[in-house]
Amino acid sequence: MRWTAGLFAPAIIAAGALPALGQNQRDTSLVRALANARHELVGIAVPPADSFTVGDREIPVGTTVAGPVAIVGTLRVAGTIAGDAFAYGGDIIVVDSGHIAGSAVSFDGRVRVNGGLVDGDVRTIQGAGQAVQLPATTRSTGDYVALTLGWAAIVLIVGIGVLVFGGKTLDSVAVAVDEDFGRAFITGLGATLAIAPALALLVVGLVLTLLGILLVPFAIVAYVLAVTGLITLGSLAAVRITGQSLARKRRAGLSERGAALQALVVGVVFYMGLWLVAALLTSAPAAATVARVIAFAVTWAAATVGLGATILTRAGTRPAHGTARAPIVAQEPPASPFAPELAPPPAHWETPTPVSGVVAARRPTSVKR
Amino acid sequence: MTSHWSIRLGAVAALLPIAATAQSWRTFDVARQLRESTTLGVHVAFGAGRVSVQPTDGRNLFDVHLRYDAERAEPIYRYDAGTRRLEVGVRHFSNVKGGRNYKGSELQVALARGVPMQLELDVGAAEGDIDLTGLGLEKLTIKGGATETRVRFDAPNPSRLTLLRVDAGAAKISLQGLGHANIERVDGNVGVGKLELDFGGPWRGDMELSVTSALGAVVLAVPADIGIRVEKTSFLHSFDAPGLRKENGYWVSENWATAKYKLRIRATGTLGSLEISRMGR
Chain U
1 MRWTAGLFAP AIIAAGALPA LGQNQRDTSL VRALANARHE LVGIAVPPAD SFTVGDREIP
61 VGTTVAGPVA IVGTLRVAGT IAGDAFAYGG DIIVVDSGHI AGSAVSFDGR VRVNGGLVDG
121 DVRTIQGAGQ AVQLPATTRS TGDYVALTLG WAAIVLIVGI GVLVFGGKTL DSVAVAVDED
181 FGRAFITGLG ATLAIAPALA LLVVGLVLTL LGILLVPFAI VAYVLAVTGL ITLGSLAAVR
241 ITGQSLARKR RAGLSERGAA LQALVVGVVF YMGLWLVAAL LTSAPAAATV ARVIAFAVTW
301 AAATVGLGAT ILTRAGTRPA HGTARAPIVA QEPPASPFAP ELAPPPAHWE TPTPVSGVVA
361 ARRPTSVKR
Chain R
370 MTSHWSIRLG AVAALLPIAA TAQSWRTFDV ARQLRESTTL GVHVAFGAGR VSVQPTDGRN
430 LFDVHLRYDA ERAEPIYRYD AGTRRLEVGV RHFSNVKGGR NYKGSELQVA LARGVPMQLE
490 LDVGAAEGDI DLTGLGLEKL TIKGGATETR VRFDAPNPSR LTLLRVDAGA AKISLQGLGH
550 ANIERVDGNV GVGKLELDFG GPWRGDMELS VTSALGAVVL AVPADIGIRV EKTSFLHSFD
610 APGLRKENGY WVSENWATAK YKLRIRATGT LGSLEISRMG R
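Line by line, the protein sequences give chains U and R.
Using our numbering, you'd call the opening residue of the first sequence number 1 and step up by one each time.
Using our numbering, you'd call the opening residue of the second sequence number 370 and step up by one each time.
Among the hints, erroneous ones may be present.
[As the list claims (entries may be wrong)] Partial chain R-side listing against chain U, Cβ under 8 Å, derived:
| hint | residue |
| --- | --- |
| 1 | S393 |
| 2 | R395 |
| 3 | T396 |
| 4 | Q402 |
| 5 | Y448 |
| 6 | G451 |
[Claimed, not checked] Stretch-level coverage of chain U by chain R, calculated; a stretch enters the list once three of its residues show a Cβ under 8 Å from a Cβ in chain R:
| hint | segment |
| --- | --- |
| 7 | 38 to 47 |
| 8 | 121 to 127 |
These aren't lab readings, by the way, just hints derived from the structure by calculation.
We treat Cβ as the ideally placed atom computed from N, Cα and C, and that holds for glycine.
For reference, chain U alone in the conformation it holds in the complex (with noise of 0.2 Å):
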């Protein structure tokens, strides 16, 4: 007997603990209702969860109750309510003789007017008990991780299409970068503060030829396109040019395209990582905001600087001012195969042909006999 009470105290237990339970849940869901639907619920003084009665209702005709009247169950209004009337999970019915001087609310329920007045407004509100997830509104750790390695993959992708297709420009615009610095900002930073003015002025241009204002919208296109492009050859050499100093080493049997990938992924994970670091310490927004600071001073310097040097250089067509296209290397002479003795001067200077010129030969001709 003992036994068989022992096995089934739990359930009797458990039993015990259903009611608490349930009331637990509803309640939950009621606070949860009312937090959720407060923008349903504008203009209305809601009652807290633990003011809503359980059980249904009826106000008997003849009868006036002080509002607000809130229940968990069904309201059936036959009286008067002075105020305002709620129902959790149940219906508000007023019937003829119902008045509700206030406004009539059901969650997860209707509102029946069958011929009573309600003063208010009749609001139905369903589904407002289930638990909504808020949307995100700041982007976590991971977001800006992958966010840093996107740009990370496109500016590697685009600055490997600029090495392919166009590497001479790109050396041009580094070899400015790397030796003509100073100009270079200086020139990126006026450059910056012309864009905006420059664009105002080409419009003011084209308006003022009356038949150019139909080139206006693809003016301004190709002239965003134009500094855009401007803008990432710039950068891509100041990243080579960073990688290439960070890099120092240059891998043996390396060719001079493959020097100058290497230089290019060097930098773009030196100002990438700078970002990284920033987006890792995302959970710490003060150090995070330093990072970003950082990261964002160090690419802007580049990127003025790239934008400069490529002005100077012509989008690296010439060579800027003051900075050598190419080193001139001045090149060892062969080995000479005479004894040093008898070996002749070395020549300074030489040209394909002899100043004095060359003797023409004479045609040999047929001789009659």
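Let chain U serve as the given structure and place chain R on it in line with the hints.
Below, chain R alone, put in the same frame as chain U:
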């Protein structure tokens, strides 16, 4: 062990799209009983989904049904009994992950006939089906963003509609039966969209129409018994109006001098087009 892991991985992968597109649909119904019939101001702002407006002969001044995704939007409802102004719609969150899937989002507004009304509809990129048959409209503003909105009047407006303002933006807005609407003046503005105005129905007075189109198209259908006069200020603007002739700087219809009711059109445009066709011929 490996197979267990692959099963779990597969299950997680299968659940991911469901989690990414999680939605919490909620409905909100609100109505107010009709007690007095002074002018009601109504502003409907619904940016995405489906919106419909219709007349009602019931006991209510208005009846609103709203269905929205609580994870992507929040409802707007305000009614000021003092000023008799109703604002209804939804406000979409701009920074929600998982795309902008507004399919299933809807707003239905029923408005009482016989109540003078000033109605503003801002339908943004929502698809609109607006039936204003028999509503007592005094002012009407329709703003479209990027989709298609149809507006119709199938029965006479008991009030004089002093101003109908339509801003089509990049949307296609079509208004049918404007003859029923008892309009005094129409202001139309088209960006790159299309505005179709059908002036069918019984006219009760003259009408002024001012249309501006940048790159969009304006198409007018006017009953044959209505006199038309067009004042055109345009640059590279296409104008197609068979049956109209130039007279004293205006384009006029044959019956301009004799018609009982007249439509005066002022058209301004840059690269758009204006097309006028006649109905009932």
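Structure versus earlier hints, numbers of those that do not hold, lowest first: 6
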